[in-house]
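Start from the sequences and build out the full structure, keeping to the hints where you can.
One-letter residues, chain by chain:
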Amino acid sequence: KQEVTQIPAALSVPEGENLVLNCSFTDSAIYNLQWFRQDPGKGLTSLLLIQSSQREQTSGRLNASLDKSSGRSTLYIAASQPGDSATYLCAVKSGSARQLTFGSGTQLTVLP
Amino acid sequence: EAGVAQSPRYKIIEKRQSVAFWCNPISGHATLYWYQQILGQGPKLLIQFQNNGVVDDSQLPKDRFSAERLKGVDSTLKIQPAKLEDSAVYLCASSFPRGGFEQYFGPGTRLTVT
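Those protein sequence lines, which keep their order, are chains C and Z. Oh and the first sequence: position 86 is 86 in my numbering, straight run, nothing missing. Oh and the second sequence: position 92 is 92 in my numbering, straight run, nothing missing.
Misleading hints may appear alongside valid ones.
Below are the EDC-like pairs computed for lysine to aspartate or glutamate, each with C-alpha atoms no more than 16 Å apart in a straight line [to be verified]:
1) Z:K44 x C:E3
2) C:K68 x C:D27
3) C:K1 x Z:D56
These are calculated hints, taken from the structure and not from any lab test.
This is how it looks when you write it as structure tokens:
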């Protein structure tokens with residue numbers, strides 16, 4: 001059974017700092033890995049999707065890497081802004097039914 | 001392009017009552033998912049539909065939860081009777097049918113069972 005772990009559970013940084021969020025998964029036989037953002041009371045917004053054959057994806061100030069063999073992914077946020085404050089969720093797609101398994105998220109607060 | 005629509009956005013019921021949630025996926029998305037997200041946790045898949053057929057419902061508590069997707073478009077998720085531990089946000093998502101495509105999520109329905 002796939003299990004996804006995110007560390008840290010919460011993170012508070014001053015504005016302008018670069019930061020890294022971590023995600024690990026137990027079964028390396030994945031189809032893809034997705035990073036989501038969730039604002040309070042809102043649904044999930046997809047940030048980046050990395051296919052199993054890829055090593056990284058970039059979108060603006062966000063860069064996600066994938067090391068399938070070690071079961072790890074990182075989300076790098078450059079020059080953080082208060083508007084980046086949200087919960088960031090990592091999810092991997094695996095299994096015969098290709099279902100998404102989510103981590104518990106990292107709650108990020110960027111202080112002005 | 002319209003996103004995934006869900007209603008209602010909020011619902012408060014007493015335990016042992018029944019409740020139903022509705023989801024309309026993005027047009028053309030054959031795959032539809034229902035997730036349960038308990039406060040402080042990541043979403044957990046309850047059921048996955050491919051058109052109007054069930055692909056995976058292994059984590060759906062079938063003694064009280066049911067879901068249907070008539071005509072392969074809209075879907076409803078029902079809880080009967082509700083328990084206190086069912087308090088959560090219920091998220092609907094949709095995607096194209098193939099494995100590599102990303103899922104798009106609706107805003108969710110926040111259920112409180114008192």
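Original post:
Looking at the structure, which of the earlier hints fail to hold?
Top reply: none
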